[in-house]
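J.: What follows is each chain in one-letter form.
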Amino acid sequence: MSHALRVDPRDAVPIWRQIEEGVRGLVGTGALPPGQGVPSVRDLARDLRVNPATVSKAYQRLTDAGVLEVRRGEGTFVAGAPPVLARAERTRTLREAAARYATVAITLGAKPDEAVEQLRAAWSNVSRPAKEGAR
Amino acid sequence: MSGLWAVTVREIRERRFVLLAALALGLLPPVGTLVPAARRLAGGDAGEPLALLLGLAFPTAVALGLGASVICRDVAERRLGFYFARPISGLALWGGKMAAVVVLAGASGLLVSLPLVALGALGFTESFDSLLPSVLPFAAGLALIAAAAHAGGTMLRSRSGLLPLDLVLFLSAGFAFAAAAWRVVDAGAPGVFLRVGPTLTAGLLAALLGAGAAQVVFGRADARRGHLFLSATLWASLLSGIAGLHIALSWALSVAPGDVARDQLAGFNAAPRGDSFALDSGRSDRLGYRPVFLVNAATGGFVRLGSAETLSRLIFSLDGRRAAWIRYLGPRPPLFVALLDGPQPVVSAIPRAVGPHAQDHRWPISLSGDGRRLLVGRGSGADVLETATGRLVAETSLAGVSQGSFDSANRVRLYRRLNEPGSRGDLALVAWNLESGETRETGRVEGARTVNGLQGNRLLVSTWNGAVETRDADSGARLDTLVPAGSSHRPHWEGRFLEDGRVSLIAGDETGWRLRVFSADGDALADVPIGRAVSAFIAGESRSGDVVVGVLSASFVTRTLFVDVSAGGVRAQEEGLLPDMGALWSASDPRLSPAPGSLGTRLFSRSDGALVDRDPTSGAQRILVPGRAKREE
Amino acid sequence: MSAAQPEEVPVIAVEGLSVRYGRTPALEDVSLSVPRGSIYALLGRNGAGKSSLVRCVLGQQKPTRGRARLFGEDAWSSRRRAMTRVGVVPEEPDAPPEMTARDLAAFCRRLYPVWDAASVDARLHRFGVPQDVPFARLSKGQKGAVMLALCLAPRPDVLVLDDPTLGLDVVARRALYDELITDLADRGVTVLVTTHDLSGIEGLASRVAMLRGSRLVLDEEQEDLKTRFRRLRPSSVGRAHEPGAWAPFDTVTIRHRDWGDEAVVSNFDDARLEAFRATRGLSDVEVGSLSLEEIFLAVVGEAEATS
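Residue numbers (this note's numbering), protein chains in the order written: chain F, 1 to 135; chain E, 1 to 633; chain D, 1 to 307.
Treat the hints with care, since some could be wrong.
[Said to hold, decoys possible] Derived CB-CB ranges, DEER-like:
no.: 1; chain 1: E; residue 1: V217; chain 2: D; residue 2: R255; range: 50 to 58 Å
no.: 2; chain 1: D; residue 1: E98; chain 2: F; residue 2: H3; range: 42 to 50 Å
no.: 3; chain 1: E; residue 1: L200; chain 2: D; residue 2: R187; range: 50 to 58 Å
no.: 4; chain 1: D; residue 1: R187; chain 2: E; residue 2: V217; range: 50 to 58 Å
no.: 5; chain 1: D; residue 1: E91; chain 2: E; residue 2: A181; range: 47 to 55 Å
[What the hints assert, rightly or not] A few chain D residues that face chain F, going by a derived Cβ cut-off under 8 Å, partial list only:
no.: 6; residue: G37
no.: 7; residue: V170
no.: 8; residue: D178
no.: 9; residue: S206
no.: 10; residue: D269
no.: 11; residue: L273
no.: 12; residue: S289
no.: 13; residue: L290
no.: 14; residue: S291
Simulated from the structure, these hints should not be mistaken for laboratory data.
Please read these numbers as outputs of a predicted model, since none were measured by experiment.
We put the beta carbon where it would ideally sit given N, CA and C, even for glycine.
Chain F on its own, in the form it takes in the complex (with noise of 0.2 Å):
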């Protein structure tokens, strides 16, 4: 996994919350399938040299957010089913993910259906590998 995850220390975004959208984005694709093991913190943090710490945070907000699950003696796995989120819940999260989008793109100066069009494109792009590399 830690090939596929890419951390730009750099980048304003906190590199937990790198890693979380990283680990989501490729359960989102089936790049990681559920059951599928994931790296230790220890060995996902030398990967990508980050604080473990960090790591640990992210794997700890996945879990809680029901995308990774820990068995006991065995690590850590993808969660079986994906998340089911309260419909309040769901709606708020994609309500923020989409302020953010949209703040992005305002910032760029770029036009609402210009945006729209962006989003239709990507949304095609990180659902299309699922459909081709689902065996």
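Here the structure of chain F is known, so what remains is to put chains E and D in place on it, guided by the hints.
T.: Same frame as chain F, now just chains E and D:
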């Protein structure tokens, strides 16, 4: 302190090569003796001293070298941080390194002398047992060398501005110490060095070790700060130690007769006339300073003459107004003269003895009547010196001069012991004219053991075969035989002229000692038994004409008898009193004898050690010098 | 502030620390604290007093003013006790030159209550360090490995690393970071590290402090640092160097480039960006994030700094 042990072990292990070098060096001499040429050169007995030399020189070099590098190098190469980043205390670090140096140096000393000892003299093994108690001082000495090397190394390597200050303080300390040493020498008290030496050495060692410890504990990895602490600690402790030494010396050197806790048998002797007497400190001392005092009994005024071990016998003049002695320190022992007229003796020193024989060992024999001239004996002859200047007036190379006296300023009588084969203790009577320098033997006394006295033209002589006789002072011809040879049960060579030419002497028979008095013509006047005793001696005549006899019995039991000659019996007896024992040994000037009623006949040592002046009439005792509170026996 | 919980007592704390060598100040009035479990990177140019601070913290040097505390106690007086729980990798490997790695391990082992001898052997083996060669004859990387192994074997609660990657090649540096991260992951130690390898430490450091000259000019969580420091490249600014030209931003540096002006600002947030765009009437402003090295250069490297 496991840290200390770990450091010590580690340092020793790292420097194992020193021990190997010691072993190799130690094997060199024995191996060398296998080479015949070397054996001839070395000789059979070279082994022991060589082993000793190596056994001392090598460890010293090791202590010096390792001491200067064991920490200093780490400081210079900035490696001390390694230790300070670990849970090891500064004390453990310092102690461990120093301990390692001492162990290495000591062990190398052992190893380097071991082969010689093993192969060589067994006698050395025996003396090895006697070396065992000196292990601790040896280790202390090595530690001192190592710590001093470390201090020096630190100061030189630190390259801080403190070095000039160190130098100044070092010189100051040296100067202050030299001043203390000079005080000791000036007081004539070399014994103080021996007594104080070990303490001073221990103090120096403590100062050096403490300074190094302060450097490591408070300076830590900072070289300059460490140097500061080293110097501050070292100089502060040394200078305060030396200051303390000065204070102690002031205390020791200011001892007065009243501070001396006397033993009964410690020496004292009084002038033949007047109020002066000399007093020995005896066993008691301050820091090894055992001064002889010259005291005026009437006023209590006194001077210190110097430590007893360094002084010659004190010679009084016949009138009791002068005294002279020699202090044996250095190559040209100074001559001292005291004027005893005033309330306080006044001493002047003639620091440089003059004359071609100034280097010989000399001893004073007799002062002239006016005290201006001193007769001094030496093995190869005799000299007469001027007491005011030390100038040599006359000298003679007659050997064997044992006694002498001045007839006048320019006429001296010498009594010379002859050691020719066949003569057993013959005494030659020599007249010496100081103006012409001529010596002339005027007579002989065969078999004479001692000249007990000289009065007018008569000598009182005791002989080896137990006789006591009066002889002509010039020709030696026998005048009277007071005690025939072989008649005495046990010969006793004690005798003294009394006033008007009478003679008193001690003789013995089966019942013990007896005091016998004879008239000027040799008639027996009194014969008084004294009792059994170890010895007895005549101190002189009291004011009332009693002969004062000191008696010493077994177990230090003492008493003094006051013998009424005309009545022929003991008028009074004082238990526990003993007069001046100097009378036991013949005076170097046979003319000297205490005047009747003089201090010498009134001064007694009491059994509790006090020195008392006893009134002959009332028997009342005035304490001049207190004694120990009670004798522990 | 009410009485701190034991967990809140900072592992390392420095209060008003000043260090002077003669007239020259190496540190002036520096105060910082290293929270438990953090990785604290102390950055500064050469001669900025980093090593002096480390020595004060380790109780090896007495500060001219102020104090340093380890585990809540004065570092100088409690040094010996504190060192049972602290592992130190110095800038220059200072082990005695004649001692082999084996000797060193045997020596250090006696000093600590806990000693993981197996870890020493494992680490030395991993780094390819021969155990019976005198320390002086090892390569720089091997020396560093030995120092690290000795430092980690007693399982210290705190690691103090003074420029641990100095003189190491890429491979050795990587290996060192791996060791560090592993130990961190296993035991959760607190780390104080001074370094010039900003990119290497960037991923690791939770907290960053910067010394400029002899003063501490920055001390915060790296996350926050990254958030508020940005590079702005507006399409046009006009008189870029005039005061207030970049308001409401605090600029750290301003540069003129061929294609326009760019500024590094230290108080970026979305609201300010909006305000800036609005007042300038700018259509687009390029916002870039900065690496730790770039932030460092901006804060410490530039002589000129606007408020």
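J.: Checked against the structure, which of the hints given earlier come out wrong?
T.: Hints 4, 7 and 10 are the ones this structure does not satisfy, whereas the remaining hints hold.
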